[in-house]
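Chains as they are written, first to last, in this note's numbering: chain A, 1 to 217; chain B, 1 to 257.
Quick caveat, the hints were computed from the structure, so don't treat them as lab data. Note that the structure is predicted; figures quoted are calculated from it, not measured. Where is the CB? At the ideal position from N, CA and C, for every residue including glycine. Check before you lean on any hint, since a few could be wrong.
Claimed, not checked - Distance ranges between label pairs, derived from CB positions:
1) A:Gln163 to B:Arg249: 24 to 34 Å
2) B:Asp186 to A:Ala212: 43 to 53 Å
3) B:Lys185 to A:Asn151: 32 to 42 Å
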Amino acid sequence: MSAKRLAIIDYGMGNLHSVASAINHVAPQVEVDVTADAERIHAADHVIFPGVGAIRDCMAEILRLGVDRKVKEALNEGKPVLGICVGMQALMSFSEENNGVDCLNILPGQVRRFPSKVVDDDGSRLKVPHMGWNQVEQTIDHPLWHGIAQNSHFYFVHSYYVQAEESGQVAGRCHYGVNFSAALQRDNLFAVQFHPEKSHTDGLQLLKNFVAWDGRP
Amino acid sequence: MTLAKRIIPCLDVDQGRVVKGVKFLDIRDAGDPVEVAKRYNEEGADEVVFLDITASHEERDTMVHTVERMAREVFIPLTVGGGIRTLEDIRRMLNAGADKVSINSAAVNDPDFVRAASERFGAQCIVVAIDAKRVSEPGEAPSWEIFTHGGRKPTGIDVVDWAKRMAGNGAGEILLTSMDRDGTKDGFDLELTRAVSEAVEIPVIASGGVGNLQHLVDGIVEGRASAVLAASIFHFREASLPEAKRYLRERDIEVRI
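The shape of chain A in the complex, shown without the other chains (with noise of 0.2 Å):
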């Protein structure tokens, strides 16, 4: 049997060695393919769906190089599909960043922005970007969440936050200011707001278990 192969998708939006280098530490029987072509993506059994920036660039470099297209086959296909981050952004039905973009609309929902000036529970101003350690409640038992301790700390940086429509769709929940979707899935999509390749023990495990996850919620 060949070895598994696992294709992050890579549309020129921001460093995806650390997630590379993850995987490679957590499954280095697998084939870790840093790609945006259409035929090395179709031929990986998993596919990650990265992003880091401004929702505007990311949704151009997406349409332009027809990333939507490989990210909907993927799923259309029954395979495991995690997006990280701006990833996760991307895959709602928009975005209120850059003035208002649209996004892939694979999860129905929007991303806002955090509020300016308020103050959190410590009395001390809310700062944006959230940034850091903070903890996310698995709201639904996964497959992605084998092994990880309820409420463990995940790593975060970001200044928009995703809002589900469905509740159904919601995989953990975290707080910041308001609550947020940490987590959500579909099928065989998992997506996540934090950054499981920086979020050391429990981010290794949660990449660990995407690896070995079939597909099946």
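Add chain B to chain A, keeping to what the hints say.
Leaving out everything else, chain B in the frame of chain A:
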């Protein structure tokens, strides 16, 4: 659910080696930044900062390789600072595996550099480092000025104004060092930390002067810092990261343990 306050050990790296000494008894090579970062990572550091104090441009290649090695083995955020002057410098560090870069004198020389960097790479990876010195006399309203060249060269720029301007230019975070306190072990300049932290919406990392664990608490509670940075108390094992986390938690500060 609350965002945890971060504790960040800082390593000064010269030609690929940790300087200022690090005393880890069970690490064979305490001069290797990757070994030290791994150890801090295992002990629960929330991030690591590498400060490249190498003088020459050619030796920067060594730092790139160090960052590459670190990124293969340590899975927490890494900030690299020192000598970041061009967009190409940033691109190289990010491609090597750094998550953020810290920009100091290049921002003072050209404030638009921060804007260009933020637009190109995203605010999440742009940290602006500020070296501040108190310039007010005792009894006057406190004020601080930016100093460059290791605190030797005044610039005439007011620190609080500058912090606001850098936040407006797209900085994602501020690394604020009190040059008056750096190396003294007398604790952070809390008035400075609080003045900057309350002036900007972005997170502020307090730096300079940590001599004991209460100083970390003070930086967060009184200084309102989102994160606290320290070097020597961790390097010389005067306190360990787990001790620091426990100390903060006992004082009702949210930490990741």
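Status of each hint after checking the structure:
1. A:Gln163 to B:Arg249: 24 to 34 Å: Roughly 31 Å apart at Cβ, these two residues keep to the hinted range, so it holds.
2. B:Asp186 to A:Ala212: 43 to 53 Å: holds, 51 Å
3. B:Lys185 to A:Asn151: 32 to 42 Å: holds, 36 Å
The earlier numbered hints are all upheld by this structure, with none contradicted.
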